[in-house]
Amino acid sequence: MSARDKKLELEGLTVSFDGFKALNNLTLSVDPGELLCIIGPNGAGKTTMMDVVTGKTRPDSGTARFGSGNNLLEMSEAEIVAAGVGRKFQKPTVFERLTVFENLELALAGTRSVLKTLRARISPEQDNRINEVLGTIGLSGRRFELGSTLAHGQKQWLEIGMLLMQDPELLLVDEPVAGMTPQEIERTSELLLSLAGEHSVVVVEHDMNFVRSIARRVIVLHEGRVIAEGDMDKVQGDPKVIEVYLGV
Amino acid sequence: MRRFSMGGQWPLVLLLAVASVTRIYAQSPKDAAFLSVLGELREASYSDKASIAERLSQTGHSSVRVVLTALLEDRLYYRNSDQKVFVVKTADADPLALIDPLSLKAAGSAPADGMTKIGTNNSLRHTLKMTVAHFSLGSADAAVRLDAVHEMSLSLDEETVALLRKRLAVETNSGVRKEISIALALSTLDGSDSRARLQAVATLSDSVSQDVRNRLALLLDKSPDGTFVESDAKVRQAAAAAVESIDRWRTFYSDIQTLFFGLSLGSVLVLIAIGLAITFGVMGVINMAHGELMMLGAYTTYVVQTAMPEHIGISILVAIPAAFAVSGLMGVLMERTIIRYLYGRPLETLLATFGVSLLLQQLVRSIFTALNRSVITPDWMSGELKLNDALSITYNRLYIVIFTLIVFSAIVAVFKRTRLGLDIRAVSQNRAMAKAMGIRTEWVDAMTFGLGAGIAGVAGVALSQLTNVGPDLGQSYIIDSFMVVVFGGVGNLWGSLIGGMSMGVTNKLLEPWIGAVLAKIFVLVALILFIQVRPRGLFPPRGRAAEDK
Amino acid sequence: MSMLTVNAVNHFYGGSHTLWDVDLTVPAGSRMCLMGRNGMGKTTLLRCIMGLQPVRSGGIAFDGTDLVKCAAEQRARLGIGYVPQGREIFSQLTVEENLRIGLGIRKNGARNIPERIFSLFPVLKKMLNRRGGDLSGGQQQQLAIGRALVLEPTLLILDEPTEGIQPNIVHEIGDIILRLNKEEGLTVLLVEQKLPFARRVASEFCVLDKGRRVAAGPIGELTDEVVRAHLSV
Amino acid sequence: AAQATIKIGVLHSLSGTMAISETTLKDTVLMMIDAQNKKGGVLGKKLEAVVVDPASNWPLFAEKASQLLEKDKVSVVFGCWTSVSRKSVLPVFEKDNGLLFYPVQYEGEESSKNVIYTGAAPNQQAIPAVDYLMKEVGVKRWVLEGTDYVYPRTTNKILEAYLLAKGVKPADISINYTPFGNSDWQTRVAAIKKFGSAGKKTAVVSTINGDANVPFYKELGNQKISAEDIPVVAFSVGEEELSGLDAKPLVGQLAAWNYFESINTPANKAFIDQWHTFIKNPKRTTNDPMEATYIGFNLWVKAVTKAGTTDPAKVIDTLPGIETPNLTGGTAKVLPNHHITKPVYIGEVKADGQFNVVWKSAGEVAGDAWSDYLPGSKNIEADWVTLKCGNYNTVTKVCSGQNFK
Amino acid sequence: METLWSPTKTGDRGGKWFLSVLALIAVAAPILNQAVPASSPAHLSAYGITLIGKYLCYGMLALAVDLIWGYCGILSLGHTAFFSLGGYAIGMYLMRQIGTRGVYGDPVLPDFMVFLNWKSLPWFWNGFNHFPFALLMMVVAPGLLALVFGWFAFRSRVTGVYFSIITQALTYALMLAFFRNDMGFGGNNGFTDFKDILGFDLHSDLTRVVLLITTVATLAATYLACRTIVESRAGRVLHAIRDAESRTRFLGYPVESFKVYVFVFSAVIAGIAGALYVPQIGIINPGEFAPINSIEVVIWVAVGGRGTLYGAIAGAVVVNYAKTYLTGAFPEVWLYAVGALFVLVTLFLPRGIIGLVQTRTKR
Ligand SMILES: Nc1ncnc2c1ncn2[C@@H]1O[C@H](COP(=O)(O)OP(=O)(O)OP(=O)(O)O)[C@@H](O)[C@H]1O
Ligand SMILES: Nc1ncnc2c1ncn2[C@@H]1O[C@H](COP(=O)(O)OP(=O)(O)OP(=O)(O)O)[C@@H](O)[C@H]1O
Ligand SMILES: [Mg+2]
Ligand SMILES: [Mg+2]
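Note that the protein sequences, when read in sequence, are chains A, B, C, D and E.
Counting from 1, position 23 in the first sequence corresponds to residue 8 in the working numbering; the numbering is continuous, with no gaps.
Basically the working numbering = 1-based index in the second sequence + 13.
Basically the working numbering = 1-based index in the third sequence + 362.
Basically the working numbering = 1-based index in the fourth sequence + 8.
Basically the working numbering = 1-based index in the fifth sequence + 42.
This is chain A alone, in the form it adopts within the complex (with noise of 0.2 Å):
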């Protein structure tokens, strides 16, 4: 496969703090519908990649492309959201003083520029699929409610739900079972299988039952760069991450 049919594509990506390497030539790319599951140790740099992927941090050496032609690094937030790369955060952060509902409709796909905002109108499309998400992140009942009003759990579903509207190609999803029971974690394997196929979607869990219930590539990361890849089974006998990752 040329590069150019990737959806992502990360090459010898380095990210140092003060002398310290989170990210070390970290090599890895991701096919359009693909996948593909990220583990590994606390620290090996899988927050940060993702940070890199969002412009939220610049490495100090690498790149990093999107799509055809979409150099990451070279753009802002909002471009890089607007060619369709959206995101889950680790620690779940909705707008704590807009309603459910209202947090949603700004994730809405769509319009993102200062005068059409100014005039968007819900259609009843978007209404729809507005209640629809609701019903599938469990918060139709709370939907006039404020963010700060809900539970860490609730958070995460509704970030989960915002991720939803947006409707990118690539979804970054960090850690999106925690604080999740069994049962939520089920659905939420079934939510990230269904959107494979269609979008792109990277998940980064600690959670080996969640992982080995969607996982079709794994990639696992150790000190910032890969040190193993494959299916499940492969990478869970590997020695080395069963040292430093899984234990026995």
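There could be a bad hint or two in this list.
Taking CB as the label site, the calculated pair distances span [what the hints assert, rightly or not]:
1) E:A364 / B:F265: 54 to 62 Å
2) E:L389 / D:T273: 50 to 58 Å
3) C:C432 / E:P392: 25 to 33 Å
4) A:G182 / E:A65: 56 to 64 Å
5) B:R547 / A:G182: 17 to 25 Å
6) C:P389 / A:S133: 34 to 42 Å
7) E:K161 / B:T129: 35 to 43 Å
8) C:W382 / E:P392: 22 to 30 Å
9) B:P322 / D:G338: 58 to 66 Å
10) D:T339 / B:S49: 37 to 45 Å
Don't read these hints as lab results, they were simulated from the structure.
No experiment lies behind these values; they were computed from the predicted model shown.
We put the beta carbon where it would ideally sit given N, CA and C, even for glycine.
Given chain A, put chains B, C, D and E with the ligands in place with the hints provided.
For chains B, C, D and E with the ligands alone, coordinates are given in the frame of chain A:
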């Protein structure tokens, strides 16, 4: 009460009377002449006083110097009851400690309203200074001699030159010797011997004094008829070189002085900002009453001075802890009654503390009136440290620079080294979690705010030495202090230090060029531009946590 | 003897009633696991115990002391360690300073961070001088647990301690909890969603549903029915 | 309508930056009213003060002025200190045809039908001071140091023109302005020191305003510039300002005023006693603007008595020509240009914060609204008696810029 | 349907009330002033008209501040800079209108230039003799300044107190600059002694009434414009920026543009407010730029109720009315009252006066 003490004094007064009677008999004719001339001072006009002083010095009496110095320093009085003239130890005290002008021995004391001061005016003081200088040449104190020589070199007549020559022969102090030789060289320039003049120019070229430079520059002038004032071309050449060299040195020293001005302005800025760096920078309270807390400190200085008029010298040292306590307690009071309900709502603190600032202003206006209060600069803080003829540093500024550094180091130490410092930082970052870790957040909050407020009070003590002590004192500094804190990076003490200092120095470097107003505007614009480059100040908080805001 | 007793606690966020007459008894030396779906009030209950949320009515007693009357900071001094949900690290303090915070109230006046913390979480030793806020999510979680342990508490409260932590360390945390419980008699109250972990670590359980206690008992009684009834959506 | 009392407006800032100066004047007016009431009031009616606080805020001055005139319907207003506050209320007084007594020395260049200027015009303060320095002290080099606002600008313009006319070389004049409230004088004082070290006798003419004075004098003291070396003559530093700072380092510095507390006349002594009793503080000083207020008040009482009414329009017409003794033994007379006659005194600061009068004008000087030394105003004249105009151009014979009807 | 999803906003009862009050003023003020005889107690004097006009101008300024602070979290401590620029723009027009009626009778130069010996009008005074140009400038001058300043600051991601303080530095620098007599804006005295506007005598009651009605109308229009903005989706984006700026960015919104737009808009409102203020008050001088004034505006907003547009206006009116009343009734101690008011409002009315009214009416 009063009658008792009067009664107690009677025997003393009698004794004194007896003593003075005996002394009258012991007077020599010289004493008598002296006393009668002295007596004329009582009624004379200012211009007459000058000639009386001249006659006094001609009596050659041994007390002349002391009496004239006293006149110069407003310490010469006469007693209303018997018109007798006395020197007093310190002016404006009550009662006055008297010194007999003849014997120069203590002569008891007298209530101030029973004595009348013998006044002076500008021109009289000018004459007196010259006269006293002649006498001071023999003083045991080298500094006094130095001043005397300097004073004398401003008007060099034959008599003065002779006196200086005589002194040079016996003078041991090298500084004084140098000053005398400069004075003599200056007088030589008027002479006819061109070799001697050349020699004098050489001597003078080492000096950096403006007077010397002006005198040398005169050699280069042309008289109205087109000829040079100085006939000898060689002397002219030497003089031109000397003038140039003096100018160069003077420019150099004045640059150093400007730098010092900058640092001293900077330390004032730092001092007014440190307290805010705590209340605002660390605790996040937009403390609009910060200025008023400084004002309280300044008023405390005033009150302390009023309470101990006899010890002005140490009053400032007493005022520092007192101001810390007063402002600190006010801070604790504010925190306990208002601020504590507003954590997590920083903008509300702006509103409430603004209200407090109005209350405090009006409070001092009610107590102390709207008028400024006079805070005295103690002797040890006034005057300047003269490094050479071109460079002097004023003591009060010097002390303030040092003081600022001391306060700053103390605060840094508290924050970095003490338990309280750690607790303060923890509470300011996450109050709920700090509680869960067993920190008594309420106490820490009160202490922190009190500390910031107390430091503001201490800054007020320093300000009382520089500017008006009035109800508006705080208003004039509040904006500056916020700028310093923000420029340095909120929450970073070192930032406030470097920020304040660099703002001060920039301001002062620019001021001679473009004037005070434009310099200030420039500093403000520079601040705005700087923030564009570093949106979180000089020393921004770093790392992930800082970004997630 | 019970170490912690929660008695008919009611709690409100403004107008919304979050906890309804909740009872909870944590016997000394036990490992109680509080369970429930998202938003059911687990965190709220823990915050009430810590004094970070005021209770409307009801009683909370710890070791015979009435906690409701105690200021929040007093409770830590009584020997309750708290690992909150979301870590709540002091982000601008270094790792070392984060750990030192707890030293201030230790009765024995210890001046140094117990070495034990570092043997439990070696990564903290490596990062002593890094700002807490810069750590990765999992590292912060370890720091949060370490920070609570510095207090040498008799009751350790953990709110979803394994969230975001790599599997081998999750396992280790389980071990640590068990070990501290066994060797030092530490009583543990934790919130946990992951059933395998809960079953492995806890000795009792209690389920909250919509702010009410709906089930409780020894961990063995946490049957699939209970799970289906109260823990699935 | 017959009112039970005659209302008198007092328009002085009691808060804000100007409170320091203006509060005293408010008290002075209250004292005068009190005394007048004890004498039976005016026209058989008691006087009643209406005090408002314009809070050193210039637009608020205008608002409060119209409150006094339109709502409270006062007969006369005593008020204002800064020029800008006066400028701000001027249209209000002219529109409502009120009467304002303005008690502070100012830059001139104004004469309103509705204002009586009882403070000094530049020719009653600045020019005599410069004359004194030039003739009596032999000053050859001049630093005109001021705060950057209209009064110093105008005064310095006048003084510069005056000095040049007296043959002073431009190189021997240095003019400099600093902002309001300037508190760091290190650089300026060093520059003055340098300017003064050229070997010619140098003096500073200070039009530094308000709060900036204290740090200025402190810095002079610290840099060891004494009055014998470089005397400073100030136009806005009086007894009250000195009471707010340690006067010892200032001994010998000069000030030019039309009144000093230390001038020994029976009237002054009585006034000082009255003040001490009223303010219940024997240490409070009196000062020049207080005297101006005193004079203004007495002029008003006389005019009202003469006119037999408090109607401002009538009182204004009656005022020119009215005379009242001032506190230093002379007479203040209202001139047709609405300024008054004043003696000029120059004093040296003494250690106790009082002044030692070293020079005094021969008799009173008539206040000149339009300076003879400014090209723009040379030809302008104010005369409310015959010309009925505050700025009559003697060349074009036009009266412009009047708002009264 | 449209209002359904914003239950947090209190419907628009308050807004309707507010607009009704404005309408009432517009109708009643002229009648009470013009038709009711001066002797009647119901007569509204020119003083009263001017006062109402002033309050409403301040209200408009507060509205501008509330738009950016209450809704977008941008705390500007320098908004009076824009207010004053608008005021100076109209002031320059008014000065030019004086013409030969100045004290020196110079047909071109304003008085202050004549006595400071200016020979000709500085270039930036050109055009101000035309009313439309002045009208344009009172929008352009503050707008342009806000655009340049905002563009740089927001692009550099200057936020929070840093932004607040540099706005303060901006207004402080402008104040110092305008204080300079060499600037050509009349220095400390600024502009006064205006004669007429568009040929109408500024001192006549009728002109004042017309000015008041103009103010009322402009305030109503700007209020409606602001309300439209905050109720649109853009308004919710502003809210989002206030809550979590970087999160908004990761939703793809060009946060900087939003901020620049709203900041400029707010500055223009402030400028217009200033331009309406000056002819009614009769003076504009650099004191208006004083940083402390800007802080006071923020305080009006807080007192009224931040994040409710009419609340900000109410706050401005209440605080200023209190000032007018107290400086007259209790000149010696009024600062105590105002200071205490601020403290008490913060402690007991965290959502301002409007918050109090809202909870009252809800009950
Ligand atoms: N701003 C920063 N300054 C210093 N170190 C940092 C900074 N940001 C991240 N790090 C370090 O970089 C490393 C990688 O962090 P990152 O958050 O990417 O890990 P992660 O793989 O997401 O871990 P986790 O699974 O625990 O979330 C960590 O060791 C962290 O401490
Ligand atoms: N600050 C708050 N204000 C108002 N309501 C809140 C607040 N915090 C939580 N809630 C509500 O209280 C309920 C209980 O929340 P809590 O955080 O205790 O749940 P939880 O059981 O810990 O959930 P999770 O498993 O998601 O952490 C939730 O419905 C939540 O929406
Ligand atoms: Mg991570
Ligand atoms: Mg929870």
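Verification of the hints:
{"no.": "1", "hint": "E:A364 / B:F265: 54 to 62 Å", "in the structure": "holds (59 Å)"}
{"no.": "2", "hint": "E:L389 / D:T273: 50 to 58 Å", "in the structure": "holds (57 Å)"}
{"no.": "3", "hint": "C:C432 / E:P392: 25 to 33 Å", "in the structure": "holds (27 Å)"}
{"no.": "4", "hint": "A:G182 / E:A65: 56 to 64 Å", "in the structure": "holds (60 Å)"}
{"no.": "5", "hint": "B:R547 / A:G182: 17 to 25 Å", "in the structure": "violated (46 Å)"}
{"no.": "6", "hint": "C:P389 / A:S133: 34 to 42 Å", "in the structure": "holds (36 Å)"}
{"no.": "7", "hint": "E:K161 / B:T129: 35 to 43 Å", "in the structure": "violated (59 Å)"}
{"no.": "8", "hint": "C:W382 / E:P392: 22 to 30 Å", "in the structure": "holds (29 Å)"}
{"no.": "9", "hint": "B:P322 / D:G338: 58 to 66 Å", "in the structure": "violated (38 Å)"}
{"no.": "10", "hint": "D:T339 / B:S49: 37 to 45 Å", "in the structure": "holds (44 Å)"}
The earlier numbered hints that this structure contradicts are 5, 7 and 9.
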